[in-house]
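A.B. asks: One letter stands for each residue in the lines below.
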Amino acid sequence: MDDRVAVEHVSKTYRLGNVGVTALDDVSFSVATGEFVAIAGPSGSGKTTLLNLIGCLDTPTSGEIRIDGEAVSALSAGARADLRARKLGFVFQTFNLIPVLTAWENVEYPLLIHPREGRDRRARVAAALEQVGLRDRARHRPPELSGGQQQRVAIARALVGEPALVLADEPTANLDSATGRDIVELMRSLNRERRVTFVFSTHDPRIMSVADRLLEISDGRLR
Amino acid sequence: MALYAKLAVRNVFRNRRRTLITLAAMGFGAAAIIVFGGFVHSIYFGVRESTIRSQVGHIQIYRKGYSEKGNLAPYDYLIADYPALREALQRLPHVRTVTARLGFSGLVSTGDTTTAFVGAGVVPEGEMNLSALAVIVDGNELASRDPRGVTLGVGLARAFGVKPGDDLTLLTTTKAGAINALAVKVRGVWESGEKAYDDRFLRVGLPEAQRVLDLESGEVQSIVLLLDATDNTAAVRARIEQLIRERGLDLEIRTWDDLALRYHQVRELFGRIFAVLTLIVSVMVVFGITNTMTMAIFERTREIGTVMALGTRRRGVVAMFVLEGFVLGVLGALAGLALGVVLAKAISAIGIQLPPPPGSTRGFTVQIFVVPAVLAQAAQLSIIAATLASLYPAWRAARVNVVEALRHV
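The listed protein sequences correspond, in order, to chains A and B. Position one of the first sequence corresponds to residue 142 (my numbering), numbered consecutively onward. Position one of the second sequence corresponds to residue 10 (my numbering), numbered consecutively onward.
Calculated from the structure, these hints are not laboratory results. Every residue gets a Cβ at the ideal spot worked out from N, C-alpha and C, and that includes glycine. Treat the hints with care, since some could be wrong.
Chain B regions said to be covered by chain A (calculated; three or more residues, Cβ under 8 Å) [what the hints assert, rightly or not]:
hint, stretch
1, 12-19
2, 185-193
3, 402-415
Take a look, some chain A residues computed to stay more than 10 Å from chain B by CB distance [to be verified]:
hint, residue
4, D209
5, V213
6, A222
7, R225
8, A226
9, I239
10, L286
11, E326
12, H344
13, L363
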């Protein structure tokens, strides 16, 4: 089986006071290795919820999600944390670097929380920074970097553990359009050259057009 | 762990102002412990040394059974051959002074007024070193060449309105139980600083006491030893025990630790006050750290969400923040040590005068000792309290919902 991600009849309902709000309603799709998939839809359509579920940050109300064939909904919080560290990379809209760590240390972080990666750690951090073109910024802390540079560091951090899948929630939303395009091109070239599987959400039409496949979502349903 | 330690240290210095305020609070708390603890130890030392040097000496030797039954029948438990013992004791290392005492009590009278007294027959030359803190305030010390001389505590002298040169009569019972009287002349008035002592006590020469009690000249009640330093007490005691065994003597030994009741009372009292202060400081540190950590965690909610998304387990988040509390504790301890030692030295140098403590008639100058054990205690308290206080905030941080934490602005 070549699917990196399989989403099977997933629904997610939140409770807001006494009212149940359906964020996702019976969503099914799969992502193959090396795909570059965009999830598009207006605000509140369920993009972020879907990414959070695939990212094992949240659990579906019903349905199942498999990462590399492994069903995740029954896993404990600790097991999901380990799964995230092993298999997933995250890129956030607001970059979310740790401000007290340098670019190098931020990229190194995922390798340190799972000591299995101890071997040739330095080489991998250096390579990840090289790939995003920030080898010379390794000693800088996030506040000393531009938004685009911070997002590149975040991408290096997502890639350094060689994850099965990188999830990016609106990675360009906090960047100007030129920088946003650079980031998407960077992701695209990493996808082409290194076969990194990407699933990202966006509402920017120009970025959607770069994707291999576009999943449009509205009111919690795929169209 | 190295990663979390690095994060902890850097995060401590992230909000410098808040960290400084927290450290200042912890530093003052630890310094308070160091200063008060040092003060208390100087009081312990003062009371110990003054009791030893003005009353009990370092070691006392009695006939076996005296400590238990001597109160009821003091003259049944007399050391028979003081001069021979004195010679042997004086040859021991660390022994500075060997002297003998003979306690008795009775009534003292001017002819018009009469009151009870507690008296001691002492060897004037031997007693000089043992009365370091019973200062002659009027007249002179006892002297062997003035066998009829008596010295009185200042309270007793005042109650009678007597001064050096005045005549007094001491009434007491002999060893056999007969009433006997001794005519004496006031030679001096002393003040020990301890009111109960100053109001009741008088001293006469040992031969006079032996005579009025109808005893042999070698008979004494206690032999009192003064050493070069209090720390040598145990060593000298062991030597004396050896001596007693070798010679097959019928003697028992008491050290200042057994005899200085007031010293132990003072320790008990100040020990409790010190414990209360320690508790107050601990509570202060706990609240300070809890507050600081809670604020830090609130501000860093999104970071917590991020590191958890990257695969940090909950216990990793707990470790991160508990280590941060520990680092704050260590820094607070260092601040406290520096501040405490400086304050202790400064206060000692200034020389603040305090009024007489209860049961005493003399004021004293505040001395703050820098005591390694107190420094260690203050440092330990800062570190342990800070680490424990960060446990709950850290646990709460680790319970956050990752999705909500990532949304936190």
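A.B. asks: None of the hints should be skipped; say for each whether it holds.
C.D. replies: Results of checking the hints against the structure:
By the rule of at least three residues with a Cβ nearer than 8 Å to a Cβ of chain A, the coverage given for the stretch 12-19 of chain B holds, with 4 such residues. Only residues whose C-beta sits within less than 8 Å of a C-beta in chain A count toward coverage, and the stretch 185-193 of chain B has 0 of them, not enough to reach three; the restraint is violated. Against chain A, the stretch 402-415 of chain B contributes 3 residues with a C-beta closer than 8 Å to a partner C-beta. That satisfies the three-residue criterion, and the hint holds. Every beta carbon of chain B lies more than 10 Å from that of D209(A), the smallest distance being close to 15 Å; the non-interface claim holds.
At the 10 Å boundary, the C-beta of V213(A) stays outside the reach of chain B, the nearest C-beta of that chain being 13 Å off. A Cβ of chain B approaches the Cβ of A222(A) within 10 Å, the least distance being about 5 Å, so the stated non-interface status is violated. Against chain B, the non-interface label of R225(A) is violated: not every CB pair exceeds 10 Å, the least being about 4 Å. Under the 10 Å C-beta cut-off, the non-interface status given to A226(A) relative to chain B is violated; the minimum distance is some 2 Å.
Its beta-carbon lying about 6 Å from the closest one in chain B, I239(A) breaks the requirement of being farther than 10 Å from that chain. A cut-off of 10 Å between C-beta atoms confirms that L286(A) is not in contact with chain B; the least separation is 16 Å. The beta carbon of E326(A) is kept farther than 10 Å from every beta carbon of chain B, the shortest such distance being approximately 25 Å. The Cβ of H344(A) lies farther than 10 Å from every Cβ of chain B, with a closest approach of about 17 Å, so its non-interface assignment holds.
Once the 10 Å rule is applied to beta carbons, L363(A) is consistent with being away from chain B; the minimum gap is 21 Å.
In summary, the numbered hints that this structure violates are 2, 6, 7, 8, 9.
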